[in-house]
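Respectively, the protein sequence lines represent chains A and B.
Per the UniProt record's numbering, the first sequence starts with residue 1, numbered consecutively.
Per the UniProt record's numbering, the second sequence starts with residue 1, numbered consecutively.
Hints may be right or wrong, so weigh each one.
[Said to hold, decoys possible] Derived DEER-like restraints, expressed as beta-carbon distance ranges:
hint	chain 1	residue 1	chain 2	residue 2	range
1	B	Ser269	A	Ala12	52 to 62 Å
2	B	Thr102	A	Ala23	43 to 53 Å
3	B	Val24	A	Glu88	34 to 44 Å
4	B	Val161	A	Ala23	33 to 43 Å
[Claimed, not checked] A few chain A positions that, by computed beta-carbon distances, are all more than 10 Å from chain B:
hint	residue
5	Ala8
6	Phe150
7	Asp177
8	Leu247
9	Gly248
What the hints contain is simulated information worked out from the structure, not anything from laboratory work.
The beta carbon of each residue, even a glycine, is placed where N, CA and C say it ideally should be.
Okay, here's what each chain looks like letter by letter:
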Amino acid sequence: MGAGRLYAAVAAGGFRRYATYRAATAAGVFTNTVFGLILVYTYRALWDARPHLGGYDQAQAVTYVWLGQAFLSTLAIGGGGVEDELMERIRTGDVAIDLYRPADLQLWWLAADLGRAFFQLLGRGLLPFVFGALCFPVYLPADAGTWAAFLVAVVLAMLVGFGIRYLVALSAFWLLDGTGVVQMAWLLGFFCSGMLLPLNVFPGALGEVVRALPWSSLLQAPADILLGHADPFPAYLFQAAWAAALLGAGRLVQAAATRRVVVQGG
Amino acid sequence: MAEGRAERLAEGVRAYRLIAGMWVRSTMAYRASFAMTTFGNFAATFLDFVAIMLMFSRVDALGGYPLPEVAFLYGLSAASFGLADLLIGSMERLGRRVRDGTLDTLLVRPAPVLAQVAADRFALRRLGRVVQGALVLGWSLTRVDVGWTAERLLLMPVMVVSGCGIFCAVFVAGAAFQFVAQDASEVQNAFTYGGTTLLQYPPTVFAKELVRGVTFVLPLAFVNWLPATYVLGRPYPLGLPLWLAWAPPLVAVGCCALAGLAWRTGLRSYRSTGS
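This is chain A alone, in the form it adopts within the complex (with noise of 0.2 Å):
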């Protein structure tokens, strides 16, 4: 079997499984379209108050609101991804025998990691966004390149979401219990992503420093390229860098990780 065709089949996999969960994915379909409403309103209030507030109109930050809600569970920005699971064989040790398979690690689990994604982007992401559409004024684009283009951009985000849940997996490696390390991530990942405030809208110097952090590329990046917000290539290569900067952190992390395992015998 080709490199390619085995981590195809992984990420398939991946969809697959998530997709069995058919009423935690629908109970999750409706929590995220009632935090959806509440955010809606709370948003139109804040856009009456200061209209054209961080270069959004009323339109556009409606429309921001239900791609939070469509990304949160996609790009695992709360967390729930597939690191949950990795962290809990680094700590039971079945981590050594993921280290026997022909088969790379960090690949493997990115895989998966992407299988899941594009489930949990069609499964829960999709209605609550279609529910927002439907229900409120929102901002769309007519044109099916600004739709391409932004989709590329919701790839590159999972990249950029996986490669940091893949450092904090790898962090279990030395603290076995990760339980502290995930929760700083999920709560950094909630702020800096601009999953509670679109992050054009922080002030100043904060402002400047959260755009310029990785998680910037998760919801700020795609969402200002599907609001006409941004230029799609100058996001991308942002994106991008940060992917290749993420994922190679993983790689030289795991090889001075896996130099740790000591395989318990009995």
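Dock chain B against the given chain A, drawing on the hints supplied.
Just chain B, lined up with the frame of chain A:
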């Protein structure tokens, strides 16, 4: 009959205390870990408030409410919900217990199941959220422009305790729902975490239908919107009578009774997975 019920309640409280105490002792075995997770809990909810402060760095009022008044609503909602979450937040794990069959173990123990499920994995770190809510509430009290009278002061603890009761009812009803839909524990988050987020903003921000829904259908508005707008001397958006500001205790008792009924129905319908 009434005596039997009181006895059963006392038994439940005792079981709850014993189990929760055990979990506290086990948590305290790792004090550094406890300190970190409590701080994390505090920080997680604090970021919500940071987002609100960032909004107010750009505007003077949201839905006509200035920052201290929004902080007042926020503090009341976060403190009430935080208390409920601390007391029985573990109930959201019920779906998992139904799925993997570990609920059976609780059924054969000689203690009320509700008390056991509620105290299961009692997490003292959830104090972080209560502390955060109380701090924001305290700060807002120094800033809001309210002529404090005895009745307004009295309404403060009444609000927090009744609000906690209403949220507890939501937790219990959500857990009862999980007997039916084991995999759908996330639906509960929409009403618990979603509910507290909703109440952190002024009612004037939301559509009338939504405000009606959380007043008459799922009476979350009694946690803070109704009594707090009374304290702040603002008109209630649905034009409801002012005396309803004193209704929260009654609403809380009613909600808890209904949730208890739902719980019993759910528990009776329970069939073990047999695994």
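Comparing the hints with the structure gives:
1. At roughly 38 Å, the beta-carbon separation of B/Ser269 and A/Ala12 lies outside the given 52 to 62 Å, and the hint is violated.
2. A beta carbon spacing of about 19 Å between B/Thr102 and A/Ala23 contradicts the range 43 to 53 Å that was offered as a hint.
3. Between B/Val24 and A/Glu88, the C-beta spacing of about 26 Å breaks the proposed range 34 to 44 Å.
4. A beta carbon spacing of about 35 Å between B/Val161 and A/Ala23 agrees with the range 33 to 43 Å that was offered as a hint.
5. Every beta carbon of chain B lies more than 10 Å from that of A/Ala8, the smallest distance being close to 28 Å; the non-interface claim holds.
6. Distance check on A/Phe150: its Cβ is at least 25 Å (rounded) from any Cβ of chain B, clearing the 10 Å threshold; non-interface status holds.
7. Separation of A/Asp177 from chain B is inadequate, the least Cβ-Cβ distance of about 8 Å not exceeding the 10 Å criterion.
8. Non-interface call for A/Leu247 relative to chain B: holds, since the shortest CB-CB distance, roughly 27 Å, exceeds 10 Å.
9. Here A/Gly248 stays apart from chain B, with its beta-carbon at least about 29 Å from theirs, past the 10 Å limit.
Checked against the numbered hints above, the structure breaks hints 1, 2, 3, 7 and satisfies the rest.
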